[in-house]
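*Asks:* Heads up: the protein sequence lines correspond to chains A and B, in order. In terms of full-length UniProt numbering, the first sequence is numbered consecutively and its last residue is 401. In terms of full-length UniProt numbering, the second sequence is numbered consecutively and its last residue is 401.
Calculated directly from the structure, the hints in this document are not laboratory data. Mixed in with the good hints, there may be bad ones.
To be clear about the criterion: a stretch of chain B counts as covered by chain A if any three or more of its residues have a C-beta under 8 Å from a C-beta of chain A, and this derived list gives those stretches [said to hold, decoys possible]:
(1) 147–153
(2) 192–201
(3) 217–224
(4) 247–256
(5) 290–301
(6) 340–346
From the structure, some residues in chain A lie toward chain B, with a derived Cβ separation under 8 Å [what the hints assert, rightly or not]:
(7) Gly-74
(8) Tyr-201
(9) Pro-202
(10) Glu-203
(11) Pro-235
(12) Asn-236
(13) Arg-238
(14) Thr-269
(15) Arg-285
(16) Phe-290
(17) Val-360
All figures in this text were calculated on a predicted structure; none of them were measured in a lab. Beta carbons are placed, not taken as given, at the ideal position from N, Cα and C, and that holds for glycine.
Number of protein chains: 2
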Amino acid sequence: MRRDWTRRGLVAAGAAAALGGGMLARPAPTQPAAPPLVVEKRVFEAGSYRTRGGDTIANVRIGYQTAGRLNAAGDNAVLISHFFSGNSHAFGRLGGGDGPPGWWDAIIGPGKAIDTERWFVVAADNLVNVNAADPNTTTTGPATTDPATGRPYGLSFPVVSLRDFVEVHRRLVDHLGIRRLALVAGPSNGGLNTIEWAAAYPEMVERAMPVIAGELDAWLQGWLDIWAAPIRLDPNWRNGDYYGREPPLRGLAEAWKIVTLQAQDRAWTRQFNRRVAQGQDPARRLGDRFEIERVLDAAGAARARATDANSFLYMVRANQLFLNEYPSLEAAVSRSRARWLVVPAATDWIFPPGAVDELVEALRRHGRPVEVAPLGGDRGHLDGLFGIAQAAERIRAFLAA
Amino acid sequence: MRRDWTRRGLVAAGAAAALGGGMLARPAPTQPAAPPLVVEKRVFEAGSYRTRGGDTIANVRIGYQTAGRLNAAGDNAVLISHFFSGNSHAFGRLGGGDGPPGWWDAIIGPGKAIDTERWFVVAADNLVNVNAADPNTTTTGPATTDPATGRPYGLSFPVVSLRDFVEVHRRLVDHLGIRRLALVAGPSNGGLNTIEWAAAYPEMVERAMPVIAGELDAWLQGWLDIWAAPIRLDPNWRNGDYYGREPPLRGLAEAWKIVTLQAQDRAWTRQFNRRVAQGQDPARRLGDRFEIERVLDAAGAARARATDANSFLYMVRANQLFLNEYPSLEAAVSRSRARWLVVPAATDWIFPPGAVDELVEALRRHGRPVEVAPLGGDRGHLDGLFGIAQAAERIRAFLAA
Chain A
1 MRRDWTRRGL VAAGAAAALG GGMLARPAPT QPAAPPLVVE KRVFEAGSYR
51 TRGGDTIANV RIGYQTAGRL NAAGDNAVLI SHFFSGNSHA FGRLGGGDGP
101 PGWWDAIIGP GKAIDTERWF VVAADNLVNV NAADPNTTTT GPATTDPATG
151 RPYGLSFPVV SLRDFVEVHR RLVDHLGIRR LALVAGPSNG GLNTIEWAAA
201 YPEMVERAMP VIAGELDAWL QGWLDIWAAP IRLDPNWRNG DYYGREPPLR
251 GLAEAWKIVT LQAQDRAWTR QFNRRVAQGQ DPARRLGDRF EIERVLDAAG
301 AARARATDAN SFLYMVRANQ LFLNEYPSLE AAVSRSRARW LVVPAATDWI
351 FPPGAVDELV EALRRHGRPV EVAPLGGDRG HLDGLFGIAQ AAERIRAFLA
401 A
Chain B
1 MRRDWTRRGL VAAGAAAALG GGMLARPAPT QPAAPPLVVE KRVFEAGSYR
51 TRGGDTIANV RIGYQTAGRL NAAGDNAVLI SHFFSGNSHA FGRLGGGDGP
101 PGWWDAIIGP GKAIDTERWF VVAADNLVNV NAADPNTTTT GPATTDPATG
151 RPYGLSFPVV SLRDFVEVHR RLVDHLGIRR LALVAGPSNG GLNTIEWAAA
201 YPEMVERAMP VIAGELDAWL QGWLDIWAAP IRLDPNWRNG DYYGREPPLR
251 GLAEAWKIVT LQAQDRAWTR QFNRRVAQGQ DPARRLGDRF EIERVLDAAG
301 AARARATDAN SFLYMVRANQ LFLNEYPSLE AAVSRSRARW LVVPAATDWI
351 FPPGAVDELV EALRRHGRPV EVAPLGGDRG HLDGLFGIAQ AAERIRAFLA
401 A
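Chain A extracted, bound-state conformation:
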């Protein structure tokens, strides 16, 4: 049965897609009005960092935000990691409380499933975040100025892996005085980081909640390369050396179009029917557009203007390198000592049910305690953002036990 939030979500997604913010659109509030949780963006200076691949980044900086208070034992902490196109604004409102809510605000805040009255919640930006120029994102990646040259790194920035993301977050966690993570969680790329955390630091991670994430197999490695391909085809990309010139906006827009469509289910496109875009005649002119093409073009172009093409390529590679230091998913998760709550979305085309099943089965084979809380809905992968409120009570109980 379709719940009311789904219909509201469909309308919101239409508007958001038209504005190019399909991935970042905010769900309608699902809780009664309460005083907003006001959060502030902070910057963590992580210092010089040697990557897992052996390169050195002179000066790593990432953004983060927190809510709640760390207890004296340092063991009531929750770490949230973001999705491919997201940032650390997972909960609360920036701008002194006037800004929009974070992308998981439905489950994080005072009295919510991840209750900031009880838990010290930290959300952090990843390395090579695609929103490199966004004032609310702080990241270190190919768009960052290399102190050795005074110019952006471009492709001289070292390849980094999800394990590198975890290592930088580990430094932040230590810096904040956290000794034990009651929960590590995140959607999509954030869910992959969650799995990396549980394998890398089993003694620190008490609970793990990967949402819309599972095995990242050769199939998804291939899709990630397909996302990246249009950037490399754009002559303005110039092998990554485009800073201070016209960036590869056409290629980046085509890349975002693929992500935008693959992150949705078929149902989202029903609103466009098979309509021709206004003033267009695709039956006569090859360059003319259907409405779905116009919507994807607009979404891709808007997202391209807000993001950095090289960072997109580095994010793709980081995701392809999921668990690259382990022989298999199974070998990685067998190291975990956490309890797991795995949250798939029924109509997900990026981590389809089979990919999540592989994670759950690997955990079960190694006797790890694992529950599954599937999200209904017809928003595809994005149900992991817009539909997360469905799992609120499961998450609350998971944290209470």
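Based on the hints, put chain B in the right spot on chain A.
*Replies:* Frame of chain A; chain B shown alone:
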């Protein structure tokens, strides 16, 4: 339960993909050895053709092949239409019998489900076929020489729709003396043509068998545009004016990579695991490749060399224009007087189960007799080619009734 042909198919697909022929790979024979059905390619001169959009193509030519004999009443004919990257070589062997079998040879031939001892079977090339330079394909499209200029049409070729494909095939059918089609059938694009036929000429189509095809909605219109995008990004495309110069092979290869991966299921990629390609180090070098990327690169490059980029764009548009002369799928199929056998593939990512359900439900709402014969397997969309033998007895019974 997985049948033995599936495992054999997986191995064959691996080899075929490495050679770039993922879509054209031949299944292992599923019938006891019999004398091969020898077929010949013929060319039909359709003459001057006015498109549904109102443009004129001076001299339309398409290839076809036949087997069996038309009866005196002209009513024992079967028409087969090909998939996106296919051609009219659907059955039998060319080259005097020494060539490889056609792509549906498992179900078409003497004594097979579509028995050429009983039926007069015709398979024809479509307009704007992507294999424009293949000696076994004859088509008219953007790569054809425009008699008015002596140069290839390029983008001056008119946009054509699936209905135009049907109209050209209708001329061939008339030319051959066929008065009634006992069956129209085809996989994917061929299945869409089947639906167009049943709507356009209900009095002529006795049975319709769309395989791995269903509603082509805004979602798939969007994906088709995503397939086409890399071609437009390639500077060598030059708005379609590349004949006699370096063609846009990089963009076309990226386009075929998307088709290649989307036409498969996740299971196909298991053989590549998450392996690094030989001699490559993707954890250190951004341009280095995983094995799945190397396989897709090779498949895309091989398919690009064999096909024409502009024809790819025209095929995309023709598919996007599915049933564009009708208000809806339902309105179109309500015109049909045929009996229907709809054949979906369980793990299809191009026409997923929902898209096929929409076709079946539309037929049922209008009281059309419809059976569904789902194909098992884990080859995704390609099960409509490699797995078609599973439906052989259902097809035989469908034709007998």
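*Asks:* With 8 Å as the cut and Cβ atoms as the points, is Arg-238 of chain A at the interface with chain B?
*Replies:* 12 Å, violated
*Asks:* Count the residues of the segment 192–201 of chain B whose Cβ falls closer than 8 Å to any Cβ of chain A, and tell me whether that reaches three.
*Replies:* violated (count 0)
*Asks:* Does the interface hint hold: is Tyr-201 of chain A within less than 8 Å of chain B, judged Cβ to Cβ?
*Replies:* 20 Å, violated
*Asks:* Count the residues of the segment 340–346 of chain B whose Cβ falls closer than 8 Å to any Cβ of chain A, and tell me whether that reaches three.
*Replies:* Violated, because only 0 residues of the segment 340–346 of chain B bring their Cβ atoms closer than 8 Å to Cβ atoms of chain A.
*Asks:* Verify the coverage statement for the segment 147–153 of chain B against chain A, using a C-beta to C-beta distance below 8 Å and requiring 3 or more qualifying residues.
*Replies:* Result for this restraint: violated, n = 0.
*Asks:* Is the interface hint for Phe-290 of chain A satisfied, with its Cβ closer than 8 Å to some Cβ of chain B?
*Replies:* Result: holds, 5 Å to nearest chain B Cβ.
*Asks:* Interface hint check: Thr-269 of chain A, Cβ to nearest Cβ on chain B, cutoff 8 Å. Holds or violated?
*Replies:* 4 Å, holds
*Asks:* Grab the minimum C-beta distance from Asn-236 of chain A to chain B and call the hint holds if it beats 8 Å, violated otherwise.
*Replies:* 10 Å, violated
*Asks:* Please check whether Pro-235 of chain A passes as an interface residue: C-beta within 8 Å of a C-beta belonging to chain B.
*Replies:* For Pro-235 of chain A, the interface hint holds, since the closest Cβ of chain B sits about 5 Å away, which is under 8 Å.
*Asks:* For the restraint on Glu-203 of chain A, tell me whether the closest CB of chain B is nearer than 8 Å.
*Replies:* For Glu-203 of chain A, the interface hint is violated, since the closest Cβ of chain B sits about 26 Å away, which is over 8 Å.
*Asks:* Quick one, is the Val-360 of chain A hint okay against chain B at 8 Å, beta carbons?
*Replies:* 16 Å, violated
*Asks:* How about the segment 290–301 of chain B: do at least three of its residues have a C-beta closer than 8 Å to a C-beta of chain A?
*Replies:* This one holds; 5 residues, not fewer than the three required, reach chain A with a Cβ under 8 Å.
Hints 1, 2, 6, 7, 8, 9, 10, 12, 13, 17 from the earlier list are contradicted by this structure; the remaining hints agree with it.
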